[in-house]
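K.L.:
As a plain string of letters, each chain reads:
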Amino acid sequence: MINNVETFCNVPLIIERGAADYRKLGTERSPGPKLFCVSGQIERPGLYEVPFGISLRHLLFDLAGGMKPNRRLRAVLMGGAAGAFALEKDLDVILSFESLSAAGLPLGSGAVMVFDETADIGQVLKRLGHFFADESCGKCYPCQLGTRRQHEILDRSAAGKLLAGDRQRLSDIGATMVDASLCGLGQTAPMAVLSAMKLWPKMFNPQHSGRGDS
Amino acid sequence: MPDITLTIDGASVTVPAGTTILKAAEKLGRTVPTICYHDHCTANGLCRICVVEVEGVKPLLPACLSRVGEGMKVSTAGTRVELSRRTILEMLASAVDLSEAPEIQNFLDQYHADRMRFPDADRRDAPVLDDNPMYIRDYAKCILCWRCVQVCANDAQFTYAINFKGRGFDTSIGTFFDKPMPETTCVFCGQCVGVCPTGALKSKREALLEQGVSLQEILQATKGGKKRRRKTP
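Order-wise, the sequence lines are chains A and B. Under our numbering, residues 354 to 567 are what the first sequence spells out, in order. Under our numbering, residues -4 to 228 are what the second sequence spells out, in order.
Don't read these hints as lab results, they were simulated from the structure. Each hint should be verified, as a subset may be incorrect.
What the hints assert, rightly or not - Residues from chain A that face chain B, not an exhaustive set, calculated with beta carbons under 7 Å:
| # | residue |
| --- | --- |
| 1 | Tyr375 |
| 2 | Asn423 |
| 3 | Ser489 |
| 4 | Gly491 |
| 5 | Lys492 |
| 6 | Cys493 |
| 7 | Pro495 |
| 8 | Leu498 |
| 9 | Arg501 |
| 10 | Arg502 |
| 11 | Asp525 |
| 12 | Ala528 |
| 13 | Thr529 |
| 14 | Asp532 |
| 15 | Cys536 |
To be verified - Computed cross-link-like contacts, BS3-like style, restricted to lysine-lysine with a CA-CA straight-line distance of at most 25 Å:
| # | chain 1 | residue 1 | chain 2 | residue 2 |
| --- | --- | --- | --- | --- |
| 16 | A | Lys492 | B | Lys174 |
| 17 | B | Lys197 | B | Lys174 |
| 18 | A | Lys492 | B | Lys197 |
| 19 | A | Lys442 | A | Lys421 |
| 20 | A | Lys514 | A | Lys479 |
| 21 | A | Lys492 | A | Lys479 |
| 22 | A | Lys555 | A | Lys442 |
| 23 | A | Lys514 | A | Lys551 |
| 24 | A | Lys551 | B | Lys53 |
| 25 | B | Lys174 | B | Lys199 |
| 26 | A | Lys514 | A | Lys555 |
| 27 | B | Lys18 | A | Lys492 |
| 28 | A | Lys479 | A | Lys555 |
| 29 | B | Lys199 | B | Lys160 |
| 30 | B | Lys22 | B | Lys68 |
| 31 | A | Lys492 | B | Lys160 |
| 32 | B | Lys53 | A | Lys492 |
| 33 | B | Lys53 | B | Lys18 |
Keep in mind it's a predicted model, so treat the numbers as computed, not measured. Glycine included, C-beta positions come from ideal geometry on N, C-alpha and C.
Chain A with its partners taken away, still in its complex shape (with noise of 0.2 Å):
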């Protein structure tokens, strides 16, 4: 099943130039090329095609012009929406799907979002958290109960209003979410969140600063 424009995009290049010849762009396990959509705290942020098997550090710094003057990297949100987050100590994985597998990152839609020091996560967090409570069909109870009370926690983060349980709150919200969702847009929604979780445990405590400095 093909569901996406991209996907399709590709056969005819297939058909043209044969599979031999498609394949001396990419890996063994991820052929031909791929869209990247660079976006963020980023030097000149685009859409750019390149072979699988490039770093993300080749295509942040090297391609997409790197940090902002005097800006640090903070975090990479790898895969889109429904993504998580890669730091600095990430920046040589290899992009592409059996790579970003084994490192435990999205590949996702390609979108690469990225986030230096003076981004405040827990914003980021709150604006995901709204996107994913107005795209829940509202078909299944994980999602369409899970998504909204999911965007009230985040906006109590994202305002450091955190009340003591919302960490136990979000992770359970997050992991009803994964496994029972009748779809993959509920499957995948808390995503983001459990990544900064694992990542900025400290975000989450109650009376934080909701920004995620440490």
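Mind docking chain B on chain A? Use the hints.
P.N.:
Below, chain B alone, put in the same frame as chain A:
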């Protein structure tokens, strides 16, 4: 098609192909909790309370919809399943008035759900809709199980008087263009009231009796006193 043998909670059971995990478990005397499921309605797998763990499958699967497979190994209990069930129940209790849903109240107790787990949570409140002599609609109690829409549509009546509005958390059930019930295709058959698990749809007679109105007063109010005059064409 040949029968299928699978294992549920360690016990072997053989059922015809096409049987759901829910029904196969029933044959073994194991009850999987359900909320939206109804024997006489199309199963939609909405509440996800019936999710079970199937070996080799990453997400949990809804027992009411998933058909058995040869050699399947199913667990109807376990940490993942119980966490999902408890959290779904807690989220439901935080959004909907479950005061007249005894089965769900039992699940809340059985799974040790904290009814007050989500402070400052938006609720799905709605004013009571009382626009016809036969039944009232109290959508603050609606759990969006879809049974009413199903029986009004292809499961029983083929009348299509009610349907979903909105999306996500704010999904609600209503009539097209919010027309009062007597102006819709509704024929007041009562099927929807019959399948509603939470009292969101309730016969007016029952509602009035609950409020302490006498039967005499009810008959007066709902049957009307005036003789109908035939309108000339």
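K.L.:
Each hint should be assessed against the structure and marked as holding or not.
P.N.:
To see whether the hints hold, each was checked on the structure:
no.: 1; hint: Tyr375; result: 30 Å, violated
no.: 2; hint: Asn423; result: 40 Å, violated
no.: 3; hint: Ser489; result: 4 Å, holds
no.: 4; hint: Gly491; result: 4 Å, holds
no.: 5; hint: Lys492; result: 6 Å, holds
no.: 6; hint: Cys493; result: 5 Å, holds
no.: 7; hint: Pro495; result: 5 Å, holds
no.: 8; hint: Leu498; result: 4 Å, holds
no.: 9; hint: Arg501; result: 4 Å, holds
no.: 10; hint: Arg502; result: 6 Å, holds
no.: 11; hint: Asp525; result: 5 Å, holds
no.: 12; hint: Ala528; result: 6 Å, holds
no.: 13; hint: Thr529; result: 4 Å, holds
no.: 14; hint: Asp532; result: 5 Å, holds
no.: 15; hint: Cys536; result: 10 Å, violated
no.: 16; hint: Lys492/A to Lys174/B; result: 24 Å, holds
no.: 17; hint: Lys197/B to Lys174/B; result: 19 Å, holds
no.: 18; hint: Lys492/A to Lys197/B; result: 23 Å, holds
no.: 19; hint: Lys442/A to Lys421/A; result: 19 Å, holds
no.: 20; hint: Lys514/A to Lys479/A; result: 13 Å, holds
no.: 21; hint: Lys492/A to Lys479/A; result: 23 Å, holds
no.: 22; hint: Lys555/A to Lys442/A; result: 19 Å, holds
no.: 23; hint: Lys514/A to Lys551/A; result: 20 Å, holds
no.: 24; hint: Lys551/A to Lys53/B; result: 21 Å, holds
no.: 25; hint: Lys174/B to Lys199/B; result: 19 Å, holds
no.: 26; hint: Lys514/A to Lys555/A; result: 13 Å, holds
no.: 27; hint: Lys18/B to Lys492/A; result: 23 Å, holds
no.: 28; hint: Lys479/A to Lys555/A; result: 17 Å, holds
no.: 29; hint: Lys199/B to Lys160/B; result: 24 Å, holds
no.: 30; hint: Lys22/B to Lys68/B; result: 16 Å, holds
no.: 31; hint: Lys492/A to Lys160/B; result: 12 Å, holds
no.: 32; hint: Lys53/B to Lys492/A; result: 21 Å, holds
no.: 33; hint: Lys53/B to Lys18/B; result: 22 Å, holds
In the structure shown, a violation is registered for the earlier hints numbered 1, 2 and 15, in ascending order.
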